[in-house]
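The listed protein sequences correspond, in order, to chains A and B.
For the first sequence, the positions run 4 to 114 when our numbering is used.
For the second sequence, the positions run 6 to 118 when our numbering is used.
It should be emphasised that the hints constitute simulated quantities derived from the structure, not laboratory data.
Take these hints with a grain of salt, some might be off.
Here are some, though not all, of the chain B residues that point toward chain A, as calculated from beta-carbon distances under 7 angstroms [what the hints assert, rightly or not]:
id, residue
1, Ala43
2, Leu44
3, Gly47
4, Pro48
5, Phe50
6, Gln53
Here the structure is a predicted model, which is why all the values come from computation and not from measurement.
Even for Gly, the Cβ is constructed at its ideal location relative to N, Cα and C.
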Amino acid sequence: GQQLNQSPQSMFIQEGEDVSMNCTSSSIFNTWLWYKQDPGEGPVLLIALYKAGELTSNGRLTAQFGITRKDSFLNISASIPSDVGIYFCAGPQNTGNQFYFGTGTSLTVIP
Amino acid sequence: ETGVTQSPTHLIKTRGQQVTLRCSSQSGHNTVSWYQQALGQGPQFIFQYYREEENGRGNFPPRFSGLQFPNYSSELNVNALELDDSALYLCASSLGWGPTEAFFGQGTRLTVV
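Please build the complete structure, drawing on both the sequences and the hints.
Here is the structure:
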């Protein structure tokens, strides 16, 4: 199946710092979703990207397609302790609402 | 809160047994997808139900089966449980079968011993 690779695998940052992570695939996606997952919980949708070239924001989070549309980026500004968790990217499989998920980026925020 | 609820939250079963997991989709959503998430990995797609019919399946054996009911709630059934079936099972609901936003429940943690 499709492989989505996320980098970095893990990040340790100081509270207040900005964060940037990315996700790459071997295929072009027309939709990207970014999720955050806390331990033992289901993923929570952060941002949905439908239009290449546009920056989509949700509070301190921004995301966009990469130039090739085989990648996507998520940025978090002024990180806070509750940003701790695992961030997953997801792209659609075939033409249905079936998503491939990335390998995840684990974020730790040090107060 | 997504409005997607799953039950039970935790379950312990013995190898060879059968298990049924349940999911209530978000109000207004007619599509339910099931995912398996092993520890330390991203969710893996099992199958999707759209308007009570299976609408796509991932690389899972036939002993993984499902149902969707007229109220769009759904069940995931796993027969002949194996130790490797131990995972967090996630249900996601969405409107329509296209690549739109999917909202997840809190998951069911299944442990097979």
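Outcome of the hint check:
| no. | hint | verdict |
| --- | --- | --- |
| 1 | Ala43 | violated (12 angstroms) |
| 2 | Leu44 | violated (10 angstroms) |
| 3 | Gly47 | holds (3 angstroms) |
| 4 | Pro48 | holds (5 angstroms) |
| 5 | Phe50 | holds (5 angstroms) |
| 6 | Gln53 | holds (6 angstroms) |
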